[in-house]
Amino acid sequence: METSPSVDPVPARPEQAGLAARLRPYARSVLVGGIVVTVVGGVLLLVVMGLDAFNATVYSVGGKSIDDATPEAQNLRDQFVGAKVSAIVGLIVGGVALVSSIAIMYITRGVSSDDDGEDLGYDELAGE
Numbered sequence: 003m004e005t006s007p008s009v010d011p012v013p014a015r016p017e018q019a020g021l022a023a024r025l026r027p028y029a030r031s032v033l034v035g036g037i038v039v040t041v042v043g044g045v046l047l048l049v050v051m052g053l054d055a056f057n058a059t060v061y062s063v064g065g066k067s068i069d070d071a072t073p074e075a076q077n078l079r080d081q082f083v084g085a086k087v088s089a090i091v092g093l094i095v096g097g098v099a100l101v102s103s104i105a106i107m108y109i110t111r112g113v114s115s116d117d118d119g120e121d122l123g124y125d126e127l128a129g130e
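3 is the number of the first residue of the sequence shown in our numbering; add one for each residue after it.
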């Protein structure tokens, strides 16, 4: 009985994919950076929203409303605006980095890298 040769699901393409192939070495680093920025931005946004809700609750215990036109209420509403904007910008930048690096890695999958073509086995890497 004859067995069929194993077929690589994504065969190596020797041709370069242009700009995407030149960006491929950086795609994984950008992916990791995008994940970190997105997670930090999301956590920052959650913390700031929680603090904002806590301040509004404490302020309203005395019968006051956070929606009043008083300078004190306005200061409480504007207290975390910078952190909220920074967190949202971080989420957007991280999301763009994630999507672009994943797209580059997907487009260039199977493109052969510029190595010397020599594959090392376990024995050679282990020095045996």
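Just to be clear, a hint being listed does not mean it is correct.
In silico DMTMM-like cross-links for lysine to aspartate or glutamate, where the CA-CA straight-line distance does not exceed 20 Å [stated by the list, open to error]:
| hint | residue 1 | residue 2 |
| --- | --- | --- |
| 1 | K86 | D125 |
| 2 | K86 | D69 |
| 3 | K66 | D54 |
| 4 | K66 | D80 |
Hints are computed from structural coordinates only; laboratory data are not their basis.
Treat the numbers as computed from the prediction; the structure is a model and nothing was measured.
Hint check:
For the hint linking K86 to D125, the alpha-carbon distance of about 54 Å lies beyond 20 Å, and the restraint is violated. A hinted pair counts as satisfied when its Cα atoms are at most 20 Å apart, and K86 with D69 qualifies at roughly 19 Å. At most 20 Å may separate the alpha-carbon atoms for a hinted pair to count; K66 and D54 meet this at roughly 16 Å. This hinted pair checks out: K66 and D80 have alpha carbons roughly 17 Å apart, not beyond 20 Å.
Of the numbered hints stated above, the single one contradicted by the structure is hint 1.
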